[in-house]
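Protein chains: 8
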Amino acid sequence: MDQPQIAIVMGSSSDWNVVEHCFLTLEKFGLNAAVKVMSAHRTPHEACEFAEKAKENGFKVIIGAAGGAAHLAGVLAGHTTLPVIGIPMPAWALDGMDSLLSTVQMPRGVPVATVAIGKAGAVNAAILAVQILALADEGLAEKLVQFKKDMHDEVLASDAELQKQING
Amino acid sequence: MDQPQIAIVMGSSSDWNVVEHCFLTLEKFGLNAAVKVMSAHRTPHEACEFAEKAKENGFKVIIGAAGGAAHLAGVLAGHTTLPVIGIPMPAWALDGMDSLLSTVQMPRGVPVATVAIGKAGAVNAAILAVQILALADEGLAEKLVQFKKDMHDEVLASDAELQKQING
Amino acid sequence: MDQPQIAIVMGSSSDWNVVEHCFLTLEKFGLNAAVKVMSAHRTPHEACEFAEKAKENGFKVIIGAAGGAAHLAGVLAGHTTLPVIGIPMPAWALDGMDSLLSTVQMPRGVPVATVAIGKAGAVNAAILAVQILALADEGLAEKLVQFKKDMHDEVLASDAELQKQING
Amino acid sequence: MDQPQIAIVMGSSSDWNVVEHCFLTLEKFGLNAAVKVMSAHRTPHEACEFAEKAKENGFKVIIGAAGGAAHLAGVLAGHTTLPVIGIPMPAWALDGMDSLLSTVQMPRGVPVATVAIGKAGAVNAAILAVQILALADEGLAEKLVQFKKDMHDEVLASDAELQKQING
Amino acid sequence: MDQPQIAIVMGSSSDWNVVEHCFLTLEKFGLNAAVKVMSAHRTPHEACEFAEKAKENGFKVIIGAAGGAAHLAGVLAGHTTLPVIGIPMPAWALDGMDSLLSTVQMPRGVPVATVAIGKAGAVNAAILAVQILALADEGLAEKLVQFKKDMHDEVLASDAELQKQING
Amino acid sequence: MDQPQIAIVMGSSSDWNVVEHCFLTLEKFGLNAAVKVMSAHRTPHEACEFAEKAKENGFKVIIGAAGGAAHLAGVLAGHTTLPVIGIPMPAWALDGMDSLLSTVQMPRGVPVATVAIGKAGAVNAAILAVQILALADEGLAEKLVQFKKDMHDEVLASDAELQKQING
Amino acid sequence: MDQPQIAIVMGSSSDWNVVEHCFLTLEKFGLNAAVKVMSAHRTPHEACEFAEKAKENGFKVIIGAAGGAAHLAGVLAGHTTLPVIGIPMPAWALDGMDSLLSTVQMPRGVPVATVAIGKAGAVNAAILAVQILALADEGLAEKLVQFKKDMHDEVLASDAELQKQING
Amino acid sequence: MDQPQIAIVMGSSSDWNVVEHCFLTLEKFGLNAAVKVMSAHRTPHEACEFAEKAKENGFKVIIGAAGGAAHLAGVLAGHTTLPVIGIPMPAWALDGMDSLLSTVQMPRGVPVATVAIGKAGAVNAAILAVQILALADEGLAEKLVQFKKDMHDEVLASDAELQKQING
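Chains as they are written, first to last, in the numbering used here: chain A, 1 to 168; chain B, 1 to 168; chain C, 1 to 168; chain D, 1 to 168; chain E, 1 to 168; chain F, 1 to 168; chain G, 1 to 168; chain H, 1 to 168.
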């Protein structure tokens, strides 16, 4: 496969069952992502170095997923000028609110592009990454148009199904 | 000026005192943004049409700022495949929590890249947009590196100042 | 059956298990509702067009049910002058707080009549719709009086049952 | 003036500075509302009796505004089959969250049509009441269409103004 | 049994599995409580009348248990000068926060003595009622002293047990 | 003056501007309260001893007011079998939510009768204390009936005033 | 075993299944902790006395674990000048928010060193206690360096595992 | 002055007006603290290096103060085995809740000893640091005992003052 343009970094391998949906969504667009388990607190050097070298290593977008006091995406953003997307992971308490606030409320100058908590966010982080790459890749842009059309058609189909179910 | 690549859309002209910081930050990077007052609820046709034609009109990134039940960024995202950044505006109650949740918790398939509430978010929406455009613009990428260095140096300078203040 | 006066619109067919309680409550009042799966973000054109034509198509009340960044009811309200009722659906995180705030905190000029989160709200959206229609339909008004009396009697009956259970 | 079809009930006369915006909005539609200070806790008999006789006294919609443990709208709804709209008033703590939850989270069978917290909600309660009455009053319905158009035009005008301000 | 001095009123018979712990705790103190299912919204007349006549019927303390927009205890308090204790019931969403806020945040002049959410609160409502009655009943007062001593001894016993478990 | 039956304990003398409303309300009922500044954390011995001896010293009700991690009322309740009322004081952050939760969420066996946050709670703590004492004091009971009547009449008067203001 | 330097105090023996992770983590560092069930509200004398004598009994750090209105750690801190660490236990409602706020929001002068809610906090309370003791114990300090290295290596190992899983 | 044993690191020099209370409290104990402005996101290298070398540079305790997505204390903790104390700074929105959650909810293995939000926390971070250092410094331990006694006496004095004020 090609050198991946997208890196997915998660704070713990236990996050994979959610983060996998990010990976799989990228695959649907024909994109291969590098996946890394790296922690802002337990492997800080690796995480910082990864972010610092991400650009010269050919990455264009970094996706960080973490829960609780979710510092990972923000710390990566501190070490790169690439766009960083943050997925707040539902964690052991507070229903994801801690993860959301510690991902999104970044101070001036160091944004994290935050998506929804959990699985919905994992999928959307992928779409957002595709949208960013598609600015310079007309093929991808067409796939996004098709993806949007498919979502649209699925809603219509599920509506049709429901009409049958209700009206017999 | 050139055709702007970035559109800043806000739900009400009263948001300008915050959103202006997004505009001014873009200016620092030499970027001219189109600024529009358009409401998801009061001028829905204009908002939807704007988003639908944004790509063919040459835009690359859309920034939406709204407060309360902040639907604007999400609605724009429903009508485009461009990346959409959402700024949750502090509104008339609940300290911005309503704006944040209604901006970030987008369902699968339609991401909004959400930044911090209020002025910090307005600045960061601009930086994020620059980071996205910089993927295809080495000049911008260099400005980001410089911007990061300047922030860094300002922190060092403010530290030096504080040392003087404390230690006389 | 007659042309329905009430439309129930939900953002995803997975909402049906909750929204069905709205439909079934209307049935108890002899009212047939049109049920639609339409998304503010995935089928925005259909949703907007539905709301715009709702009045000329004979609808009097629109009920919108969505979760997370729940924009559906508010978006429908932006495209019609009919009363729009919003059911905040419990979603994948935050226990329905995101759905509630993004449904109820609408800006001036575009109200959404918000009811409780989840199943209680689904039932109450139906009652509220009936209350609105009953203003011009004395038969319905009488059914509401009877409904209120039935609720009242059920509470008394459950009290009687509990007395037996406790006092043997 | 005619017998008013809308009653605005507030828990304390100190709420008037917010609730007045409901009254004034109704006036713009040529509607006269009865305004009452009545408390679910301090004048419960008057409040209950008012709600019970509201229909025979010619009212069609009741609007209740209260803060804190905001029981007023719910208590009124327990005593009438008319639609009841609730305005959660910002109160002495918690930024209106207590008022919102105690207004909207009504149990099955007794809905309160809840609007936004505070002044935005006061205006929207009026619009919602007008939308309900307009179902049987084509003149009002036309005023709503005009109101929506005016809001639309004001947004366009404020956009035009901003363009001038920015681009000189 | 004697005329009970304590009334436990709950909004729905489905609350009994929690409220029963209030009843059983009172039984441990040799107190018989009247238990009623009465709703502030579905049987408002019965609820109001019950509260109004509670004093002349020999009650000294009223305990109200309700969830969601939990108006029951507050409404009872509006109709009596007896002390009213409120148990916020965990309800269908928001983890009991709605019940807590709509029980405790009563406006000036009409207090509800609020205890913890759910089962802990049900037990504590009973203890609080006993504490109030014990002011005029030395026998009860002695039972409270014994109850406190028993709690104390149970903690010591559970500590002893844990020491054994840990240290073998 | 007589030996007071009510003790008001506050965590800091800076709470007095709010707690004074409790004291003044008791005065309206002809009740003299002992007022103490005592801290669960800074003068724990005094606080515990005060609670332990409160009954033999003739107190019947203890009111505790504290903010932040508001342990005062709960700690007092651990040292007495008298009813303890807690006033959650608005503190330096979080709008009183911390004070409320740390006052009300007491574990089984040790209730704190919690009233509203801040000034409304200060007044209501007084009323609740009076309601408790009135169970054994018919004179106080009559004053409570009069107080309720006065509140009622004030609402009617403020309604009359508003009618004049609106209708000229 | 030696006289333990660390005391773990929990409000109820039912907390042990979480608090045990604190104990076990200390064991990994070769540290024996005294474990006590003591309640701020049910055995206040024992709790206060324990804290008061903790220093002369040879303890250096006290860890308090409690839920709901979690006063235990704060009360212990009021009776000692030793550092007190607080573990907010997830309790019967509100997902641990009540425990967190009533542990962390201590007033000036009486700190509680608060760690995360639940099991993560139980482990971290142990690490924090070790970090404190290690300031005067070079052997412990080396174990902490090793612990940090082990955590680091586990993350790298789990990353390696995931690479295999993904890339086959 | 001696080499300081305590480092106070803040994310921005604008935090100084709050953090100064930490510095001044340490001064009261005769302790000189190193004060640094360093940002987890803007000067990450300096921050990480500072934490890594803190121990060999003679520091014993690090205090980190930051607001919003407050990563500073956690990031420092990732780079040292010294105890790290976190002060959640009130920031531009959400009343400090974002700062609190992103400071306290650290994952297993990397604790941050979190104190209260804002000024109370700044003072308490100092006390906690003194408590830690006092374990190996009997002079400091005595100062803590005196500090506790002074706090105690101030409460008694403020009580005496209030008695005078009330009773004339």
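It is worth saying that the hints were derived from the structure and are not from the lab.
Even for Gly, the Cβ is constructed at its ideal location relative to N, Cα and C.
A couple of the hints might just be wrong.
Said to hold, decoys possible - Coverage of chain C stretches by chain A, computed from C-beta distances (three or more under 8 Å per stretch; other residues unrestricted): (1) 12-23; (2) 59-68; (3) 92-102.
Checked hints:
| no. | hint | verdict |
| --- | --- | --- |
| 1 | 12-23 | holds (count 4) |
| 2 | 59-68 | violated (count 1) |
| 3 | 92-102 | holds (count 4) |
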